[in-house]
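**Student:** Please model the complete structure; the sequences and the hints are all you need to start from.
For the sequence shown, the working numbering gives the first residue as 1, with consecutive numbering after it.
One or more of the hints may lead you astray.
[As the list claims (entries may be wrong)] Label pairs and their calculated CB-CB ranges: (1) Lys124 / Leu157: 38 to 46 Å; (2) Pro118 / Ser161: 44 to 52 Å; (3) Pro38 / Ser120: 26 to 34 Å.
[Said to hold, decoys possible] In the SDA-like style, the derived pairs of lysine to any residue whose C-alpha atoms are separated by at most 25 Å in a straight line are: (4) Lys74 / Trp23; (5) Lys125 / Asp71; (6) Lys74 / Arg116.
Hints are computed from structural coordinates only; laboratory data are not their basis. A virtual CB, placed ideally from N, CA and C, is assigned to each residue, including glycine.
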Amino acid sequence: MGQSKTNALLVALLDQAYNTASWHGTSFRGTLRGLKLPQLLWRPSADSHNIWEITLHVAYWKYIVWRKLTDAPKGGFPRRPSDWPRYHASPTVTHWKDDLMLADAMHRQLRDAVRRFPDSRLDKKPAGSKWSYAQLISGVAAHDLYHTGQVQLLKRLLRESR
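**Tutor:** Structure representation (structure tokens):
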């Protein structure tokens with residue numbers, strides 16, 4: 001069975017928000033290109049999230065939507081705490097690359113599930129959710145774009161603070 005036009009559109013939305021070119025500007029993945037550890041770890045205030053934390057948060061919510069689409073059991077996300085996972089206590093470039101690979105893997109896993117998801121179920125709601133599958137999928141794309149803007153703002157604030 002081939003991918004429906006609706007599923008293809010949802011996959012395109014996910015990709016445009018996360019890692020492909022689009023009319024709106026950079027994607028989430030694009031906004032991370034070329035960043036160094038000091039930029040990834042910088043925060044404008046003690047109670048603000050940094051770019052590294054945001055990246056793990058984006059990966060986590062892709063996992064959550066994937067889990068709802070596939071009925072996978074809870075507990076499969078490899079980092080803790082779940083929603084705003086911590087990065088390594090002594091972060092290195094290698095740790096960053098590992099976490100970036102995790103985010104990329106969560107994106108690929110989600111887009112593959114969306115591609116295979118039955119079109120007839122897109123307007124249904126998963127158990128315990130007030131949002132339909134289609135709303136969850138488009139919502140996680142919007143979530144990526146929200147955090148793309150947040151990362152861009154953090155990069156600007158860092159430049160202006162120097």
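**Student:** Now, for every hint given, state plainly whether the structure supports it.
**Tutor:** Hint by hint, here is what the structure shows:
no.	hint	verdict
1	Lys124 / Leu157: 38 to 46 Å	holds, 42 Å
2	Pro118 / Ser161: 44 to 52 Å	holds, 49 Å
3	Pro38 / Ser120: 26 to 34 Å	violated, 49 Å
4	Lys74 / Trp23	violated, 36 Å
5	Lys125 / Asp71	holds, 12 Å
6	Lys74 / Arg116	holds, 21 Å
In summary, the numbered hints that this structure violates are 3 and 4.
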